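Participant: Residue numbers (our numbering), protein chains in the order written: chain E, 1 to 290; chain H, 1001 to 1253.
Since the hints were derived computationally from the structure, they do not count as laboratory data. This structure is a prediction, so every number in the text was calculated from the model and none was measured. Do not take every clue at face value.
[Stated by the list, open to error] Not the full set, but computed from the structure, chain E residues with beta-carbon under 8 Å of chain H:
(1) L58
(2) T69
(3) T73
(4) F206
(5) G230
(6) I234
(7) Y286
[To be verified] Pulled from the structure, derived: some chain E residues nowhere near chain H, Cβ distances all over 12 Å:
(8) M28
(9) Y44
(10) A91
(11) V107
(12) K130
(13) D137
(14) Q158
(15) Y161
(16) L171
(17) M178
(18) V283
(19) Y287
Quick reminder that beta carbons are idealized off the backbone N, C-alpha and C, glycines included.
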Amino acid sequence: MHPAKSVIIFTTLSGIGFGMLFFIGLGMIVPEGLMAFIWFAIAYLFSVGGLIASTFHLKHPERALRAFTQWKTSWLSREGVLSVVALLVMAAYGAGLVFLKTRWAYVGYVGAILSLLTVFATSMIYAQLKTVPRWRDFSTPLMFLGYAGAGGSLMTGQVDYALALLALTGLLQLLNWMRGDGALGKSGSDIGTATGLGTAAQVRAFEPPHTGTNYLLKEMVYVVGRKHAGRLRILSLLMGIGLPILLLLAPFGHMLAALAIVSHIVGVFASRWLFFAQAEHVVGLYYGKR
Amino acid sequence: MTQLPQSTDRKLGLVIDLDTCVGCHACVISCKGWNTENYGAALSDTDAYGPDVSGTFLNRVHSYEVKPETGPAQLIHFPKSCLHCEDAPCVTVCPTGASYKRTADGIVLVNEDACIGCGLCAWACPYGARELDATAGVMKKCTLCIDRIYNENLPEEDQIPACVRTCPAGARHFGDFADPNSNVSKLTAERGGMDLMPEQGTRPTNKYLPPRPKDCSGEINTLAPLLEPVATDGKGFVGWLDKMLSALPGGNA
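Work out the full structure: start from the sequences and follow the hints.
Facilitator: Written out as structure tokens, the structure reads:
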């Protein structure tokens, strides 16, 4: 699949932002007054920034409000609704802390759960697609939740949680890669079932329908840069998981913590780029590209 | 709304005969022509006369080589457009309700005024039947020529999809699959009409008729004995000429 910058930025930043809101909502940190304002501002910068980035890949963003209507069937719509409700509930919780120096614990808990559900809905936009066997796996939502939790705990300075969640997320990432690499082969779809003309060994794409390229090939049969996939995977694990763990194990310092956060975000960007670039859509079968 | 109807009154769709299709692409052109000049946003081309040609099409013809276990290989031309699935995954993923399946006839359509151009429906379709138009920024797909099949201003013979009307080989058939006595239902039953990627669970309405097995007499190449290579042990003038030519630069002596 085409790794659109807007979607990579969206899933990475909003994952971290809602992860932060989850830990703040649970009361892991209870800042008050100006400090609370700064904490919430950072969390909203990430979550709202990511959501705004997601609208950049829309061809008609002026109609984006319509996307809140189809929550009965569409995970994308659910994601939109959940994110707005989560942000509103957490804004109420934040207002209590900032202006009244009062903690409405239950509002925070509800906000935390909604934040987590938002990340889950984001992951289901991809995990629901039967057409991309690599994504359609239980490990996809778990990995998204893992990254959100790891990023959120790292950002809110929960060292013990961050260490545990980073390690867990590393394992979930490995699981997602391992299961994903064989997914297309196991999906039962091949050029034989796509055309109905025989077994995969008997059918060969002889001539494409057009001399140029097209939307389908650009969007869903993206293969550029896959040759670096192995190295990028290692880099992503080292930057996203390994280095932050080492930095957290060292004696605590703000500079080290900041470095851990920057390294983690770079690693998650790499992981998300691979998530899209390596995903094989079954329509590629019609073009003999799988 | 993006909830799929439980069932539809009629199931309009196409039967595509892979045995008959000659791969002329006339259906591609008539589709592009009709759907550019009529309902909805035009099917745009970008860099149409440049080196990086690209354009939106609702119907494309692939060609496949099929090598059966016995007998010679076959070339199969394979037109592909929206299959108007009963469990259309493109409809349920739509966040805005722009994509919908009609209860009356089962046609899957896009309300272009409500489409935000997110592209998720194209991701959800296993067949590559939806293309986001680069100029209009809305999702385009086969409408089964909804502006022809119900258009009483057209002569009756033209009230069928443009691709079916134009096919010179008679490889495309339009009808109602909900009626067991319709032309398309009968063809499907007689010729073993099949679904594409049934494992995707989309339950396509359109059916493909497999190519008929080719006759095989065992002596296909009747002229082969006459095409035996010229004797290599040439004598006399031919032998001398062969030797001389081979000795020239570029020869194989």
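Participant: Next, verify each hint and record whether it holds.
Facilitator: Okay, the hints, checked on the actual structure:
1. L58: Check passed: Cβ of E:L58 comes within 5 Å of chain H, closer than 8 Å.
2. T69: holds (6 Å)
3. T73: holds (4 Å)
4. F206: Because about 4 Å separates E:F206 from the closest Cβ in chain H, which is inside the 8 Å limit, the hint holds.
5. G230: Because about 26 Å separates E:G230 from the closest Cβ in chain H, which is outside the 8 Å limit, the hint is violated.
6. I234: violated (28 Å)
7. Y286: It holds, given that the least Cβ distance between E:Y286 and chain H is near 6 Å, below 8 Å.
8. M28: Given that every Cβ of chain H is farther than 12 Å from that of E:M28, nearest at about 33 Å, it holds.
9. Y44: Nearest chain H Cβ is 23 Å from E:Y44, so the label holds.
10. A91: At about 23 Å from chain H, E:A91 clears the 12 Å cut-off, so the statement holds.
11. V107: holds (28 Å)
12. K130: The assertion about E:K130 is violated, with a minimum of 6 Å to chain H.
13. D137: Holds: least Cβ distance 16 Å, greater than 12 Å.
14. Q158: Holds: least Cβ distance 34 Å, greater than 12 Å.
15. Y161: Its Cβ never comes within 12 Å of chain H, the nearest being 33 Å, so this holds.
16. L171: Holds, since 28 Å exceeds 12 Å.
17. M178: holds (23 Å)
18. V283: It is violated; E:V283 is separated from chain H by about 4 Å at its closest Cβ, not greater than 12 Å.
19. Y287: violated (8 Å)
Hint compliance for this structure: hints 5, 6, 12, 18 and 19 are not met, and every other hint is.
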